[in-house]
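Novice: As a plain string of letters, each chain reads:
Protein chains: 2
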Amino acid sequence: MNPYAIAIHGGAGTILQSSMTPEKEAAYKKGLSDAIAAGEAVLKKGGRSLSAVEEAIRSLEDNPLFNAGRGSVFTNKGKNEMDASIMNGRDLTAGAVAGVRNIKNPISLARAVMEKSEHVFLSGDGAMQFAEKLKLEREPDDYFFVAERFEQLKKAKETDSITLDHNDGSKGKIGTVGCVAIDVHGNLAAGTSTGGMTNKKFGRVGDTPMIGSGTYANNATCAISCTGHGEFFIRAVVAHDVSCLMEYKGLSLSEACKIVVQDKLVKLGGEGGLIALDTKGNIELVFNSEGMYRASKRQDESLYLGIYK
Amino acid sequence: MNPYAIAIHGGAGTILQSSMTPEKEAAYKKGLSDAIAAGEAVLKKGGRSLSAVEEAIRSLEDNPLFNAGRGSVFTNKGKNEMDASIMNGRDLTAGAVAGVRNIKNPISLARAVMEKSEHVFLSGDGAMQFAEKLKLEREPDDYFFVAERFEQLKKAKETDSITLDHNDGSKGKIGTVGCVAIDVHGNLAAGTSTGGMTNKKFGRVGDTPMIGSGTYANNATCAISCTGHGEFFIRAVVAHDVSCLMEYKGLSLSEACKIVVQDKLVKLGGEGGLIALDTKGNIELVFNSEGMYRASKRQDESLYLGIYK
Numbered sequence: 001m002n003p004y005a006i007a008i009h010g011g012a013g014t015i016l017q018s019s020m021t022p023e024k025e026a027a028y029k030k031g032l033s034d035a036i037a038a039g040e041a042v043l044k045k046g047g048r049s050l051s052a053v054e055e056a057i058r059s060l061e062d063n064p065l066f067n068a069g070r071g072s073v074f075t076n077k078g079k080n081e082m083d084a085s086i087m088n089g090r091d092l093t094a095g096a097v098a099g100v101r102n103i104k105n106p107i108s109l110a111r112a113v114m115e116k117s118e119h120v121f122l123s124g125d126g127a128m129q130f131a132e133k134l135k136l137e138r139e140p141d142d143y144f145f146v147a148e149r150f151e152q153l154k155k156a157k158e159t160d161s162i163t164l165d166h167n168d169g170s171k172g173k174i175g176t177v178g179c180v181a182i183d184v185h186g187n188l189a190a191g192t193s194t195g196g197m198t199n200k201k202f203g204r205v206g207d208t209p210m211i212g213s214g215t216y217a218n219n220a221t222c223a224i225s226c227t228g229h230g231e232f233f234i235r236a237v238v239a240h241d242v243s244c245l246m247e248y249k250g251l252s253l254s255e256a257c258k259i260v261v262q263d264k265l266v267k268l269g270g271e272g273g274l275i276a277l278d279t280k281g282n283i284e285l286v287f288n289s290e291g292m293y294r295a296s297k298r299q300d301e302s303l304y305l306g307i308y309k
Numbered sequence: 001m002n003p004y005a006i007a008i009h010g011g012a013g014t015i016l017q018s019s020m021t022p023e024k025e026a027a028y029k030k031g032l033s034d035a036i037a038a039g040e041a042v043l044k045k046g047g048r049s050l051s052a053v054e055e056a057i058r059s060l061e062d063n064p065l066f067n068a069g070r071g072s073v074f075t076n077k078g079k080n081e082m083d084a085s086i087m088n089g090r091d092l093t094a095g096a097v098a099g100v101r102n103i104k105n106p107i108s109l110a111r112a113v114m115e116k117s118e119h120v121f122l123s124g125d126g127a128m129q130f131a132e133k134l135k136l137e138r139e140p141d142d143y144f145f146v147a148e149r150f151e152q153l154k155k156a157k158e159t160d161s162i163t164l165d166h167n168d169g170s171k172g173k174i175g176t177v178g179c180v181a182i183d184v185h186g187n188l189a190a191g192t193s194t195g196g197m198t199n200k201k202f203g204r205v206g207d208t209p210m211i212g213s214g215t216y217a218n219n220a221t222c223a224i225s226c227t228g229h230g231e232f233f234i235r236a237v238v239a240h241d242v243s244c245l246m247e248y249k250g251l252s253l254s255e256a257c258k259i260v261v262q263d264k265l266v267k268l269g270g271e272g273g274l275i276a277l278d279t280k281g282n283i284e285l286v287f288n289s290e291g292m293y294r295a296s297k298r299q300d301e302s303l304y305l306g307i308y309k
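These protein sequences, in sequence, are chains A and B.
If you use the working numbering, the first sequence corresponds to residues 1 to 309, in order.
If you use the working numbering, the second sequence corresponds to residues 1 to 309, in order.
Bear in mind the hints are in silico, worked out from the structure with no lab data behind them.
Among these hints, one or two may not hold up.
One copy or two, either will do: identical chains are not told apart, so a pair holds if it fits within one copy or between any two.
Straight-line Cα separation of at most 27 Å, DSS-like style, residue types lysine-lysine; simulated pairs [claimed, not checked]: (1) K133 with K155; (2) K201 with K116; (3) K280 with K77; (4) K267 with K249; (5) K44 with K104; (6) K280 with K249; (7) K104 with K201; (8) K133 with K267; (9) K280 with K201; (10) K201 with K44; (11) K201 with K258.
For reference, chain A alone in the conformation it holds in the complex (with noise of 0.2 Å):
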């Protein structure tokens, strides 16, 4: 039996400690930590990655404190519009959805488009219309509704800036969440999930939906799940890049994370960070922002939690 690994993120950006308050601190730390027991449970019995990365994101998307499903952030037009997407190292089978509402768990969606459609990648009202179809869960508008993003929507539209996450007036936090897990039969998976950007327009996608951007998971080499400005992980094929720089140059997962997040995404001018496992259980967890959300846990270890730098 293989040992069983799992990482995850909640997003990356301007995370300062000085702009923190402990008890905010303490519920991003729970929240994480839930996060992670919920992927390690299905794992411990003996479950596939699959389904850990699945229940670790639900977790965090019902979560109100990360954009993504329930704390999914406002478009322009005061809508939250959520992308996600899942691969299974195992086969390099892959699911994804663009710009879905009112779906409770957007990464479950993705997970339904890849194993019960011959497709890879559903959109906007098509994408719902395949969920009413399964009768996957639906929330209502004010659900999602959480006054803080409200707020943070307002602020944007005065300034006809549009943030890439939560807020803190400045930059703020890049809103995403993340897992990436192998399970005892070896197998590599990764998951991502986003409620995008504030304030955005144009239905404008992300990395996040994006196999080979956002999500990557190959057995033969490592499982990958981003968090950043999407614009230049798209560009950059990031997931699948460091997965390329281990598979064709033989580096390692350590290696290939580096390069990639912190010489060619700096080159370009991508801010935002990764969260990579390979086969062996190594766990990577890279970032060039102030902070990234993250935790990891790899079997009969103890619980590794951190937010800055």
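Fit chain B to the known structure of chain A by using the hints.
Specialist: Only chain B this time, still in chain A's reference frame:
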């Protein structure tokens, strides 16, 4: 001055000489040759590869024979929903749109997203609002109404099949158009445009608008445009994979294309092909299907045109 070169495709799939009339074949060849001429006119004057790619693709989009722009196939709801993307090898900037309607030239909208927005990927109604703001050319529904395409939808609905493209009763052709080019300044560019799949439902998005999967350009390696069963091209991150095999493994363009299209895609079950160009002006037109509409032209050389294996 670097010698310029350009290559295009008009889709891959089950294209059999036995089901082709001499008139139809001549029309396809004229369409390909016109598109090369449109792109070459830009390159000959010392223009940018990005503009050559846009002009060649506009020519294919305006031609009802190809599944893009005017000739787009019909969705299940009898609509034309189009996707396109473009990438600049010089600085890795990129633009993409998905699920747009009534836009005469989706490739020009993708370029506008790249150059006139802070985003890479816009979808659906939002992408159309962006097009409206920029006053991009629109056409009414009947401009896109090609009788043959509507017959294909009726046939597909009768059998509830989702066909990948044009038709032929059988599996049919896989409809996409694309272009790769290098200009006299030595810069690479790539673009792809499609009308999607006949009878498509649920807002399905294929590989065409996905940077790294359907389209990729990087002056360090190559420019790629794909056509085929998009789901497999997404899962295999095809265009970026060719680039990584060159950059990290030191393979030639020809070796990298062969591995990805004839080995990796075949093992996954993915039918289709791609066109590729490197900075030395090497051109690859590779496919694992029965045929691929294709053409290429190097500066001071004669035009190459191909349809079948």
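Novice: First find the shortest C-alpha distance between K201 and K258 inside one copy, then the shortest across copies, and answer within, between, both or neither for a cut-off of 27 Å.
Specialist: neither (33 Å within a copy, 41 Å between copies)
Novice: Regarding K104 and K201, is the shortest C-alpha distance of 27 Å or less found within a copy, between copies, in both, or in neither?
Specialist: Classified as both: same-chain Cα gap 22 Å, cross-chain 22 Å, threshold 27 Å.
Novice: Checking K280 and K201: alpha-carbon separation at most 27 Å within a copy, between copies, both or neither?
Specialist: Neither: 42 Å inside a copy, 40 Å across copies.
Novice: Classify it for me, K267 with K249: is the Cα-Cα distance of at most 27 Å met within a copy, between copies, both or neither?
Specialist: both (21 Å within a copy, 22 Å between copies)
Novice: Between K44 and K104, at a C-alpha cutoff of 27 Å, which is it: within one copy, between copies, both, or neither?
Specialist: within (26 Å within a copy, 54 Å between copies)
Novice: Checking K133 and K267: alpha-carbon separation at most 27 Å within a copy, between copies, both or neither?
Specialist: neither (45 Å within a copy, 32 Å between copies)
Novice: Are the CA atoms of K133 and K155 at most 27 Å apart within a copy, between copies, both, or neither?
Specialist: Between copies, since 24 Å is at most 27 Å while 38 Å is not.
Novice: 27 Å Cα cut-off: does K280 pair with K77 within a copy, between copies, both or neither?
Specialist: neither (45 Å within a copy, 48 Å between copies)
Novice: Pop the pair K280 and K249 into one bin, within, between, both or neither, using alpha-carbon distances up to 27 Å.
Specialist: For K280 and K249, the Cα distance is within 27 Å both inside one copy (18 Å) and across copies (23 Å).
Novice: For K201 and K44, with the copy left unspecified, which applies at a CA distance of at most 27 Å: within, between, both, or neither?
Specialist: So K201 and K44 fail the 27 Å test inside a copy (42 Å) and across (39 Å) alike.
Novice: Between the shortest in-copy and the shortest cross-copy C-alpha distance, which are at most 27 Å for K201 and K116: within, between, both, or neither?
Specialist: Between copies only: 14 Å across, 31 Å inside.
Of the hints listed earlier, those the structure fails to meet are numbers 3, 8, 9, 10, 11, in rising order.
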